[in-house]
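Colleague: Each chain, written out:
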Amino acid sequence: MTWASLTDWWWPYLFILLAGWLPTDIWRFIGVLIGGRVREDSEALVIVRAVATALVAGVIAQLILYPSGSLAESSVFLRVGAAAAGFAAYLYLGRRIIVSVIVAEFILIMGLLLS
Amino acid sequence: MLASILMFIAGCMTDSELPSHQAEVADPRTGFSWFLSGASLVFSVPALILMTAHVGFAGFASENGVSLFQATFMVAAIWALPANIVLIGAISGGYSLLGAAIAVALSSIRLMPMVAAFVPEMRGSRTRKFTLLFLSHFIAVTAWVIGMERLQHVPRNMRTSYFAGLGMTLTITNTLVVAIVYFLSADFPPIVFAALFFLTPMYFLASLWGSARDHSIHIAMISGLLLFPLIHLFAPAYDLLLTGLAGGAVTMGYVRWLPKKSEGR
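Protein chains in written order, with this note's numbering: chain A, 1 to 115; chain R, 1 to 265.
Rather than coming from a laboratory, the hints here were simulated on the basis of the structure. A few of these clues could be false.
Unchecked claim - Simulated pairs of lysine to any residue, SDA-like, Cα-Cα distance not exceeding 20 Å:
| # | chain 1 | residue 1 | chain 2 | residue 2 |
| --- | --- | --- | --- | --- |
| 1 | R | Lys129 | A | Leu14 |
| 2 | R | Lys129 | R | Phe35 |
| 3 | R | Lys129 | A | Ala72 |
| 4 | R | Lys129 | A | Leu113 |
| 5 | R | Lys129 | R | Met168 |
| 6 | R | Lys129 | R | Asn157 |
| 7 | R | Lys129 | A | Ile30 |
| 8 | R | Lys129 | A | Tyr13 |
| 9 | R | Lys129 | R | Ala103 |
| 10 | R | Lys129 | A | Ile102 |
| 11 | R | Lys129 | R | Gly59 |
| 12 | R | Lys129 | A | Leu114 |
| 13 | R | Lys129 | R | Ala164 |
| 14 | R | Lys129 | A | Arg39 |
| 15 | R | Lys129 | A | Val76 |
| 16 | R | Lys129 | A | Thr7 |
| 17 | R | Lys129 | A | Gly36 |
What the hints assert, rightly or not - Covered stretches of chain R, as calculated for chain A (at least 3 residues, CB under 8 Å):
| # | segment |
| --- | --- |
| 18 | 125–137 |
| 19 | 157–164 |
| 20 | 195–207 |
| 21 | 241–250 |
Unchecked claim - Sample of chain R residues at the chain A side, in silico, Cβ under 7 Å:
| # | residue |
| --- | --- |
| 22 | Ala83 |
| 23 | Gly93 |
| 24 | Leu225 |
| 25 | Leu230 |
From the three backbone atoms N, C-alpha and C, an ideal C-beta is built for every residue, glycine too.
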């Protein structure tokens, strides 16, 4: 059974529910069940939080190193350089998110225009 | 602006109670009022960045032959941008239903530890499990980062209302964004999309660092950033999950063996 197997109007929506909604929300529900057993001051929560943070950091690295769409055609060195400069600007210029975004975007766009 | 003033007031209120478990004392603001403060975050910078990412998604969906209603249904039902992109990739690759479901499940496993860390932050002492299961649908990276930063300043028994406002408004707004952009078939030069796609990681990078309550979060973040490319080389299908586990292990090693240095925050 693929996306194009049935021509009925409801088939794509059922496909989205079974292949998209179910395998996504099932993890959220399991997360609720696990999180419900964790006490707020326990070491287990420190572990869960560390794993979740490292994972979100992995998502960030993925978006920079292996992006999809138009960004994928730019040089990886440009993206890493722009991100590193933006983050350094965040750390050393008053910890403002907007500063990091502006510095990184400026370098990225300049690099794209010059290449 | 109004929201940040309200946040400040809420912050003062919770700080005046010593243990956070006892924050369920008389609160002059109703649940609905907290719902609205959560909803007002749709005008924040991270919410705008998420909308730009969905502008890109609408274009991606229409390029791959997914209809307007199917694309908007995906955004509302799945509410995780990477899972949506994986699903469209699987559809255009002609995957079977099972193959597509497995690919999506792998990209969505990350939500499990994220939700598990979020729930103790969000629940009050009388929160029903059903409420948490329902609200968990609205937890994705952006709402997670905003929630981990702001929920600590919201009285505990108002946190589910606050997050309901934030999460549901973000989901509904972005569903509408996809519908409108798709309908207008708005087209931008590639450099605009490239710049828009770069906003998300930069915002996450700075806000995740800034919202950390102790040093262990910084260690977790750095290890995740550095381990991901390495792990991606060896196990691309499980890269995010393994990055989470390995980064978590590094962090716990740090907490265990260097405990004194990071205390006092």
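Colleague: Against chain A, does the segment 241–250 of chain R show at least 3 residues with beta-carbon separation below 8 Å?
Modeller: That given contact holds, which follows from 8 residues of the segment 241–250 of chain R lying within Cβ reach (below 8 Å) of chain A.
Colleague: Tell me if the straight-line CA distance from Lys129/R to Ile30/A falls inside 20 Å.
Modeller: The given pair, whose Cα atoms are some 12 Å apart, holds under the 20 Å limit.
Colleague: Is Lys129/R within 20 Å of Leu14/A, Cα to Cα?
Modeller: Violated. Lys129/R to Leu14/A sits at ~27 Å, over the 20 Å cutoff.
Colleague: Could you grab the alpha-carbon distance between Lys129/R and Thr7/A and see if it respects the 20 Å cut-off?
Modeller: violated (39 Å)
Colleague: Would the pair Lys129/R and Gly36/A pass a check requiring their Cα atoms to be no farther apart than 20 Å?
Modeller: holds (8 Å)
Colleague: Are there at least three residues in the segment 157–164 of chain R whose beta carbon sits under 8 Å from a beta carbon of chain A?
Modeller: Violated - the segment 157–164 of chain R has 0 residues with a Cβ nearer than 8 Å to chain A, which falls short of three.
Colleague: Keeping to a limit of 20 Å between CA atoms, is the pair of Lys129/R and Asn157/R held or broken?
Modeller: holds (14 Å)
Colleague: Quick one: see if chain A covers the segment 125–137 of chain R, three-plus residues with Cβ-Cβ under 8 Å.
Modeller: holds (count 5)
Colleague: Just to be careful, I want the Cα atoms of Lys129/R and Ala164/R compared with a cutoff of 20 Å; is the pair within it?
Modeller: holds (14 Å)
Colleague: Do the numbers back the hint for Leu230/R, that is, is its least Cβ distance to chain A under 7 Å?
Modeller: Not OK, violated: Leu230/R not within 7 Å of chain A, min 10 Å.
Colleague: Three or more residues of the segment 195–207 of chain R near chain A by CB distance under 8 Å?
Modeller: holds (count 12)
Colleague: Checking one constraint from the list: CA of Lys129/R to CA of Ala72/A, max 20 Å. Satisfied?
Modeller: With Cα atoms ~41 Å apart, Lys129/R and Ala72/A exceed 20 Å; violated.
Going down the numbered hints, you'll see the structure goes against 1, 3, 4, 8, 9, 10, 11, 12, 15, 16, 19, 23, 25, while the others check out.
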